[in-house]
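Novice: What follows is each chain in one-letter form.
Number of protein chains: 2
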Amino acid sequence: MITTQKTMAKAQAMFATRRALGPFVGTVAKKLDHYSQFQPSSLSIQQYLDFGRNGNAASSFEFLRKELLVRLANIMQEISLLPPKLLATPSSKMVSGCFNDQLQVILKRHAHVVETMAEGLIELRESDGVDIAAERGIQYFLDRFYINRISIRMLQNQHLVVFGNVLPESPRHVGCIDPACDVESVVLDAFENAKFLCDRYYLTSPMMKLEMHNMVEKGSPINIVAVPSHLYHIMFELFKNAMRATLEFHGVDDDPPDIKVYVVKGSEDLSIKISDRGGGVSRTVLERLFNYMYSTAPPPPRDGTQAPLAGYGYGLPLSRLYARYFQGDLFLVSMEGYGTDACIYMKAVPVEASEVLPIYSTSSRRLLTQAAQVADWSHPIPGQGQNSRDPRRNPNCA
Amino acid sequence: MITTQKTMAKAQAMFATRRALGPFVGTVAKKLDHYSQFQPSSLSIQQYLDFGRNGNAASSFEFLRKELLVRLANIMQEISLLPPKLLATPSSKMVSGCFNDQLQVILKRHAHVVETMAEGLIELRESDGVDIAAERGIQYFLDRFYINRISIRMLQNQHLVVFGNVLPESPRHVGCIDPACDVESVVLDAFENAKFLCDRYYLTSPMMKLEMHNMVEKGSPINIVAVPSHLYHIMFELFKNAMRATLEFHGVDDDPPDIKVYVVKGSEDLSIKISDRGGGVSRTVLERLFNYMYSTAPPPPRDGTQAPLAGYGYGLPLSRLYARYFQGDLFLVSMEGYGTDACIYMKAVPVEASEVLPIYSTSSRRLLTQAAQVADWSHPIPGQGQNSRDPRRNPNCA
Numbered sequence: 001m002i003t004t005q006k007t008m009a010k011a012q013a014m015f016a017t018r019r020a021l022g023p024f025v026g027t028v029a030k031k032l033d034h035y036s037q038f039q040p041s042s043l044s045i046q047q048y049l050d051f052g053r054n055g056n057a058a059s060s061f062e063f064l065r066k067e068l069l070v071r072l073a074n075i076m077q078e079i080s081l082l083p084p085k086l087l088a089t090p091s092s093k094m095v096s097g098c099f100n101d102q103l104q105v106i107l108k109r110h111a112h113v114v115e116t117m118a119e120g121l122i123e124l125r126e127s128d129g130v131d132i133a134a135e136r137g138i139q140y141f142l143d144r145f146y147i148n149r150i151s152i153r154m155l156q157n158q159h160l161v162v163f164g165n166v167l168p169e170s171p172r173h174v175g176c177i178d179p180a181c182d183v184e185s186v187v188l189d190a191f192e193n194a195k196f197l198c199d200r201y202y203l204t205s206p207m208m209k210l211e212m213h214n215m216v217e218k219g220s221p222i223n224i225v226a227v228p229s230h231l232y233h234i235m236f237e238l239f240k241n242a243m244r245a246t247l248e249f250h251g252v253d254d255d256p257p258d259i260k261v262y263v264v265k266g267s268e269d270l271s272i273k274i275s276d277r278g279g280g281v282s283r284t285v286l287e288r289l290f291n292y293m294y295s296t297a298p299p300p301p302r303d304g305t306q307a308p309l310a311g312y313g314y315g316l317p318l319s320r321l322y323a324r325y326f327q328g329d330l331f332l333v334s335m336e337g338y339g340t341d342a343c344i345y346m347k348a349v350p351v352e353a354s355e356v357l358p359i360y361s362t363s364s365r366r367l368l369t370q371a372a373q374v375a376d377w378s379h380p381i382p383g384q385g386q387n388s389r390d391p392r393r394n395p396n397c398a
Numbered sequence: 001m002i003t004t005q006k007t008m009a010k011a012q013a014m015f016a017t018r019r020a021l022g023p024f025v026g027t028v029a030k031k032l033d034h035y036s037q038f039q040p041s042s043l044s045i046q047q048y049l050d051f052g053r054n055g056n057a058a059s060s061f062e063f064l065r066k067e068l069l070v071r072l073a074n075i076m077q078e079i080s081l082l083p084p085k086l087l088a089t090p091s092s093k094m095v096s097g098c099f100n101d102q103l104q105v106i107l108k109r110h111a112h113v114v115e116t117m118a119e120g121l122i123e124l125r126e127s128d129g130v131d132i133a134a135e136r137g138i139q140y141f142l143d144r145f146y147i148n149r150i151s152i153r154m155l156q157n158q159h160l161v162v163f164g165n166v167l168p169e170s171p172r173h174v175g176c177i178d179p180a181c182d183v184e185s186v187v188l189d190a191f192e193n194a195k196f197l198c199d200r201y202y203l204t205s206p207m208m209k210l211e212m213h214n215m216v217e218k219g220s221p222i223n224i225v226a227v228p229s230h231l232y233h234i235m236f237e238l239f240k241n242a243m244r245a246t247l248e249f250h251g252v253d254d255d256p257p258d259i260k261v262y263v264v265k266g267s268e269d270l271s272i273k274i275s276d277r278g279g280g281v282s283r284t285v286l287e288r289l290f291n292y293m294y295s296t297a298p299p300p301p302r303d304g305t306q307a308p309l310a311g312y313g314y315g316l317p318l319s320r321l322y323a324r325y326f327q328g329d330l331f332l333v334s335m336e337g338y339g340t341d342a343c344i345y346m347k348a349v350p351v352e353a354s355e356v357l358p359i360y361s362t363s364s365r366r367l368l369t370q371a372a373q374v375a376d377w378s379h380p381i382p383g384q385g386q387n388s389r390d391p392r393r394n395p396n397c398a
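These protein sequences, in sequence, are chains A and B.
Here UniProt numbering is used: the first residue of the first sequence is 1, the next is one more, and so on.
Here UniProt numbering is used: the first residue of the second sequence is 1, the next is one more, and so on.
Treat the hints as calculated values from the structure; they're not laboratory data.
It is possible that some hints are incorrect.
As the list claims (entries may be wrong) - The calculated DSSO-like cross-link candidates involving lysine-lysine, where the alpha carbons are at most 30 Å apart (straight line), are: (1) A:Lys240 - A:Lys209; (2) A:Lys260 - B:Lys93; (3) B:Lys260 - A:Lys240; (4) A:Lys209 - B:Lys218.
Input sequences plus hints: build the corresponding full structure.
Specialist: Structure below.
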């Protein structure tokens, strides 16, 4: 979701005006404990849609007033369980310190929280590294932290677009949800924009061969209830990767092989496959592509001149979270020496597309804090890494 | 690995003659405790090869005498931790009772242990079902149990072929390992045999379009150090599935679409992709395909007339274990309404192809016995099921 500075400012103003959270200052710990006892209310994309169409501003505010705090409090409890070394980095202090300020400050700082958290990890890695157990815990936590963040911005944005002054992208949109998202045009859009960057850098770019298969309404275009900006974010990232791999592998002199894209709508799943012939990666490399700690990208200049996230190497793990947010998913399947398939899944049925939210619980507390486990296999279990959310998994698992 | 009755009989005879395990009877529990304290020695396929070429029968016997017991004792400890309801089924009693007999009896009974274990699960499911935690534990255990079994049969077979009277498949073979396994011929073999069955049942079968890409020695055939019977087992299973899906989805009257196979040798991985247009499955169906408890196949006749394993629906999870045994892997990636890609990985470098063996440890004990965990996500985490080895994972994870 694209949340502009304007949106943020609007949210700040709204909350500041209503003074709903005035008493919050000074009683942070108590409030935190209180709200973290509630379980986040996961909404389906259908519920978002229905409420956007039939709800009203007052009930939206009442819901948000509690739900935003519940979601923030749940993840703030987990932040406090991170490895002390990570919490001691200046960047982490900045993130976790947020809760001590008033909500409007939180919201403002929240806009840069991904970058700030990423810098915390870089600071940690540059100091003395982390042990395996801590690394697993960080991977587990960051998937939860960022999906929580996606959900909070979704809640804010829906409120501001549906009931506030922020304009939707089109009259058809309900907030940032398109009830009839034309998947083909999002794919073409993402491809064209990735191609523009690719042409600028390599002076050439691969072509796309696109096949659409609507197995539910044969011959019709493929429309689903979706957040187009999320799907665009994912596709743009994957196209950039596929183009770069293709040109780096085949060189820029010959005609590069096409990038093949298949979009299939079934009765349960919308599936998209982006198939490149960019030489692929081995399983040992693949497993690192989703690892926040092992991002190989050099840190970007910290002067704020670059696009958000550029250079942190978080494109793939964040794209996967955007896919997973409404119960979809993202996988990479690679053949080393040949090419890579990126597979994206989304729920085709809007009542099944419910938010996946982290819950602060005895399980998450244990997973975040436990020490390294005794091995239960002679070797890291192959084939697990890229899909792993469990910090106890061996990080070397392919 | 194909271990014949003859091989078994030979093993029994050898062990019976040497009386190495005579004192075992009557002191089972003590021995079990003793040997389960040792960690199984994982061998790489290169070590198997070197020992097969340069080792001698006496040292092989010395190694096996301890190692077989260590591997058996490690998994027997875990059997005792299975849910009481499962252990109470007649079939499970038969499996776990084995250890009370002499080793020659174990070896004999061992030949049918997969079927017997499968029947235990069917008996359990037919009684009153299992709770989720128990189901996860069973899935975790069976992956360990069967991979342990593959490893034990490998050890036995290598000894009997290299130092005993059992003939290898070809003079080039070292035991059941082919130091220059021609991958193309194994693929063709598996395809032809699956096609034979398919033609018999459907009176037609899809064609195969095979592409071989040797990226290490360009233009050369693809040879790797491998156990051809394991690779054949995997490919035969996957071809049968791809053919059945193709013909069920497209009907038998039209020309069915080809099954495309890509084999790529990179510097680390040998990758094989079998791509069918058999209509695919949704993610919720896919996750069950590797679940021992959710096998949808009707139990086969118990009169012993059918081929081993036929009908238990264990083809996919066991194929995945054959792939994982030497640090390879197997994934299914499906587009519901279109088709499925089956991806097999094997280590291309023999020193990296080490056995993956289960280790009885505090971790495995905990994973086998712990109760259901409090949720840490609002919904089952998508995209995890088919790759899950962790019993604490929600079984509904797609």
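Novice: Work down the list of hints and note, for each, if the structure agrees.
Specialist: Here's how the hints hold up against the structure:
With a C-alpha separation of about 16 Å, the suggested pair lysine 240 of chain A and lysine 209 of chain A falls inside the 30 Å cut-off, and the hint holds. Under the criterion of a C-alpha separation no larger than 30 Å, the hint pairing lysine 260 of chain A with lysine 93 of chain B is inconsistent with the structure, at around 53 Å. Pair hint lysine 260 of chain B plus lysine 240 of chain A holds up; C-alpha atoms about 27 Å apart against a cutoff of 30 Å. Using a Cα cut-off of 30 Å, the hinted pair lysine 209 of chain A and lysine 218 of chain B holds, with the two alpha carbons roughly 28 Å apart.
Going through the hint list in order, the structure does not satisfy hint 2, though it satisfies all others.
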